[in-house]
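Could you put together the complete structure from these sequences and hints?
Letter by letter, the chains look like this.
There are 4 protein chains.
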Amino acid sequence: MVIVMSPEATERQIEQVVERVHETGLKTNIVVGQSRTIIGLIGDKRVIMSLAVEALDGVEKALPITSGYKLVSREFHPESSIVNVGGVTIGGKSLVVMAGPCAVESREQLLESAEIVRAAGAQFLRGGAFKPRTSPYSFQGLEAKGLEYLAEARAKTGLKIVTEVMDISSVDLVAQYADMLQIGARNMQNFQLLRAVGRSGKPILLKRGIAATIDEWLHAAEYIVNEGNSQVVLCERGIRTYENYTRNTLDLSAVAAIKHLSHLPIIVDPSHGTGRWRMVRPMAMAAVAAGADGLMIEVHPDPAAALSDGPQSLNPVNYASLMADVRELSVFLANR
Amino acid sequence: MVIVMSPEATERQIEQVVERVHETGLKTNIVVGQSRTIIGLIGDKRVIMSLAVEALDGVEKALPITSGYKLVSREFHPESSIVNVGGVTIGGKSLVVMAGPCAVESREQLLESAEIVRAAGAQFLRGGAFKPRTSPYSFQGLEAKGLEYLAEARAKTGLKIVTEVMDISSVDLVAQYADMLQIGARNMQNFQLLRAVGRSGKPILLKRGIAATIDEWLHAAEYIVNEGNSQVVLCERGIRTYENYTRNTLDLSAVAAIKHLSHLPIIVDPSHGTGRWRMVRPMAMAAVAAGADGLMIEVHPDPAAALSDGPQSLNPVNYASLMADVRELSVFLANR
Amino acid sequence: MVIVMSPEATERQIEQVVERVHETGLKTNIVVGQSRTIIGLIGDKRVIMSLAVEALDGVEKALPITSGYKLVSREFHPESSIVNVGGVTIGGKSLVVMAGPCAVESREQLLESAEIVRAAGAQFLRGGAFKPRTSPYSFQGLEAKGLEYLAEARAKTGLKIVTEVMDISSVDLVAQYADMLQIGARNMQNFQLLRAVGRSGKPILLKRGIAATIDEWLHAAEYIVNEGNSQVVLCERGIRTYENYTRNTLDLSAVAAIKHLSHLPIIVDPSHGTGRWRMVRPMAMAAVAAGADGLMIEVHPDPAAALSDGPQSLNPVNYASLMADVRELSVFLANR
Amino acid sequence: MVIVMSPEATERQIEQVVERVHETGLKTNIVVGQSRTIIGLIGDKRVIMSLAVEALDGVEKALPITSGYKLVSREFHPESSIVNVGGVTIGGKSLVVMAGPCAVESREQLLESAEIVRAAGAQFLRGGAFKPRTSPYSFQGLEAKGLEYLAEARAKTGLKIVTEVMDISSVDLVAQYADMLQIGARNMQNFQLLRAVGRSGKPILLKRGIAATIDEWLHAAEYIVNEGNSQVVLCERGIRTYENYTRNTLDLSAVAAIKHLSHLPIIVDPSHGTGRWRMVRPMAMAAVAAGADGLMIEVHPDPAAALSDGPQSLNPVNYASLMADVRELSVFLANR
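Going line by line, the protein sequences match chains A, B, C and D.
Position one of the first sequence corresponds to residue 1 (full-length UniProt numbering), numbered consecutively onward.
Position one of the second sequence corresponds to residue 1 (full-length UniProt numbering), numbered consecutively onward.
Position one of the third sequence corresponds to residue 1 (full-length UniProt numbering), numbered consecutively onward.
Position one of the fourth sequence corresponds to residue 1 (full-length UniProt numbering), numbered consecutively onward.
Take the hints with a grain of salt, since some may be wrong.
No farther apart than 25 Å at their CA atoms in a straight line, the calculated lysine to any residue pairs in the SDA-like style are these [unchecked claim]:
(1) A/K202 - B/H77
(2) C/K45 - D/R133
(3) C/K61 - A/L261
(4) C/K27 - D/A155
(5) B/K45 - C/K61
(6) D/K61 - B/V32
(7) C/K61 - A/K202
(8) D/K61 - B/H77
(9) D/K61 - B/F76
(10) A/K61 - C/R46
(11) C/K61 - A/M1
(12) B/K27 - D/P7
Think of the hints as simulated: they come from the structure by calculation, not from any bench.
Have a look at this one:
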């Protein structure tokens, strides 16, 4: 951290800041500039981050130099991680696709979806049994029944199951059925839940929060890994901006940023990222070209009848066509 | 809802949309414009909101006409609500102030804070026993011990206690000690938690999510009221924008918007809203002038030593001065 | 500026950065931390800001310590400036109000508006003769004819005239008629125009850009003052955020920020800031309480017939009521 | 447009709205819903857009159904346009690359850059002779001298020249030297300039504004085409969001949106879009996969010595490698 003193700061104020810093065991290095003095702090990052020196007289601002995450940082773990979900690896050479309906709506709808997903060559079936919905009057998911249907679909198709867990009280239940637990965007900073899934022993898919910075997202992953669970995959799903043509603004530069800052794999969800099924194919292609390790795609046997997110779901024909395209592109890029 | 058909939509596609809508029991009214047809839907709002017609061929977009919340809407409840917390009313004529440290750090720090808060004339003591923190390495709160100190402070000062509950598993515990349960910005869409506090019987302070729209915020309140608990107070605490001089952008226009859309009381937190103690006073004054029913203010006996949010906390002298100013302004406005 | 080296930076890379910096005549101060080295730069701010060291090997990032504006900074000019527009002062004790229609639509409409504005006690008549419009098919203003009507309204009412200049080719023309030239939000970074109005000798009202940071806004003011024109007043008019209930998000914390960072006066435009006439009064009150030096208000004899921005314009009755309220509040605040 | 009446609107208020609409020659269609009445408007789009009915009593809001642009809309021009710049076509099968330094700094720097750009196979040389800079103390460009160097570089390499024009007073000058005129992000809504370049007869590269919606961007293009110049290419260059790891957030979904809404070609600038040279390659690949018609890339013989935007400029080696990659990808995609 670098403490920037105000131009009117007195000698005494500078001394007081230095004393406060030294009391914590940190060392300082003072740089006297033309109009102001800055104080560099040296020592344990965690101690540095706990200081609130901006409240001291004469301090203009404090600039952090390093980020506070460590376990998920590429700085301390230069090699890319590969996450293994029951034999399917994420983060290696080949593209992983997780597809399925937004919500599990019925046994028939799910089994039909699973067949469509399998036929086109995905590795994971997605589908929400517990659904976070803006309105209390919207469909909230089939809950335990939905989990059973997911397990049945796995038995029939061999697909791995990834599904959202919304609360610590249902972590155990969901973990009994799912191969991978998803933390949704609204829960990215539900820290108790992050700790709980960290202790679950299951691989975790951590979606980026609706307005989360990349730094906050990696800190959220740090919460999980800090519980001893390093099987974490990140998922970019669009951020909230002023643009309203799309449901969210899909931030594909996050793929490149994460690859630079962290060793964790990252996949992209162009369905939520755009909110419009017509845009899913071009954004899926772009995600693969940007270096994403996988995709999460919403597909529904009859999107117009979907209880949730119909407008962004592909129908079976468009989905199969998308799968052919992204696989071909992925192979082309891997062989260069 | 109004369904806008694309200019190239065929007669058959328009018919199919109408058929789908009629299957749900809704009625339609078709408007044939110069370049496109639009279809107005008439009937139960909840049925309308569950439709996913954008996935049908020929549909360009669907525009919602009304919002999905009802219990918290002024439309169905024209009179302003007053929330009563153990005899202190929020939403009436007089300004309510909730003040205290960001986090409960120790018995001494809390009791000293409570005395400062009481002396200057606030009605509530705030202070986090459970703290949501971006980094797992930051101070996470004293938890149960912190709640005990809060209860002790109440006993000594007569202040009401408002404190955050972060998870459904601790709702009962926090409810034993607190007079009012706070839902933090990160949990505004933690729907299970909203339901749980809705069933707790306690008055709720619902902070606006970091990037929540006013519409989403009112839907979150609807989750609570829908469980039978109408004692909800909203708290504007700044939203995330591109501007980074302030920690958040305090959206004071939300006060006027909420007063128009809802009957619930609303208070403002200029400490989190700006992240800078120098800006707390002008923004508190502005909040009162905008019509807020109360304020939430961070104050600390020694902000520079605070374990959390020191840079935005007032010291006792500035806090007392602020209280005098806002009270005087509030009285002036009430007497006009 | 502080240069942060990457943890893997070699000794040689650090030396190369230092050499590059020394070549420019700047001095360096090296701080060796636990995981990385940082290099503080000392010397002329303008030289420091021209460096592109982030492109050198081993550099992780460069953090600016000070901002690049100087003439508009309170650091170099601690006393608040007062701008004098033909005898009306902005930035002193008393609140200044600029009111009028969005656009000059006709002689009758303008003269009627001017009478309404004068009667309720404003000092300035606003009204656009040149209108920046999103669509080429919207009303674009009466241009020269509109300026003549503004001059006639001044002659009849004694009000000062503030009106927008959109292009360098019309600066001379507008300056012949107006008492104060307005730079609109879309032109805040039209640097040639900023220079031209800087040379015009007229007082300038500089609106904040639609997505401008406070730092960029002050740099824009610096362009004007750097041409020798220190008669600059800033105007907060709302920024673009994800929230769409309001047309923009009025950032009242900008008032406090500007008062801290700069000596220039600042006024607030709650009409554009909210886009809804119902919200103009509460936000005008809030602006005054936050410490704004003035207000800009849209008023129209018949808002529903306005050719531009009708939905955010007050009718004469609401305008008169607003004026009474803000004047009373302003007097109350000044006398405390 | 659909006018939504408030639930408390009286019969008389509804009649008054209808009367106002009929006075303009438009027709209405009234839909009486369960809680409120909506009024659909039928007739000339330009008349509809000029109404300010939200200011009438009883009106809650007005929802636009169609956008106001027409000439640039795919709705009225289903076939994709191809823009021809002196024999180089943009919008056809093959990818177009515009590369070069941010600013023309000297004859040597530009000629060296041009050679690098040509050698790696781009079609256009970019480079600013007039530079919009946040600070008045930053390098502002070589102006006329810079244009001469650009012309010399064209003569030596055969590359087409694209360069920014910042003001109507220099349109003629820049048009003498450039093959294509660039409108920068800050000038996207400088409507006088849009009109002037519309009349210049030159092909135009229109960058998206820093916080422009896709709708505003297409309206800006409409201004140019409305002057009779249909040779317009759009350029996505990142939008301003809360995320600050990147300089801007590159919105690649805009490529798919523009392809759906408009017939104009679109290229992508990953250099400004990310602000970090390490991210240029992955985002360039993603842009091509998303369907962009071309790329704009910053390259500099010595990025660390650049007078502008060094941190986001590629060095010659990285640039050549990027060009090989994107060309290969483009060919692969075209041949599928």
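Hint check results:
Among the hinted pairs, A/K202 with B/H77 is inconsistent with the structure: their alpha-carbon atoms are about 47 Å apart, more than 25 Å. Straight-line distance between C-alpha atoms of C/K45 and D/R133 comes to about 16 Å, which keeps the hinted pair within the 25 Å bound. Under the criterion of a C-alpha separation no larger than 25 Å, the hint pairing C/K61 with A/L261 is consistent with the structure, at around 13 Å. The suggested pairing of C/K27 with D/A155 is violated, with an alpha-carbon distance near 43 Å, which exceeds 25 Å.
With a C-alpha separation of about 52 Å, the suggested pairing of B/K45 with C/K61 is violated against the 25 Å cut-off. Annotation: proposed proximity of D/K61 to B/V32 holds, straight-line Cα distance about 21 Å (limit 25 Å). Distance restraint check for C/K61 and A/K202: the Cα-Cα separation of roughly 36 Å exceeds the 25 Å cut-off, and the hinted pair is therefore not satisfied. Pair hint D/K61 plus B/H77 holds up; C-alpha atoms about 20 Å apart against a cutoff of 25 Å.
Proposed proximity of D/K61 and B/F76 is supported: the alpha carbons are some 18 Å apart, at most 25 Å. A hinted pair counts as satisfied when its Cα atoms are at most 25 Å apart, and A/K61 with C/R46 qualifies at roughly 21 Å. Of the supplied pair hints, the one linking C/K61 and A/M1 holds, its CA atoms being roughly 14 Å apart against a limit of 25 Å. The suggested pairing of B/K27 with D/P7 holds, with an alpha-carbon distance near 19 Å, which does not exceed 25 Å.
In summary, the numbered hints that this structure violates are 1, 4, 5, 7.
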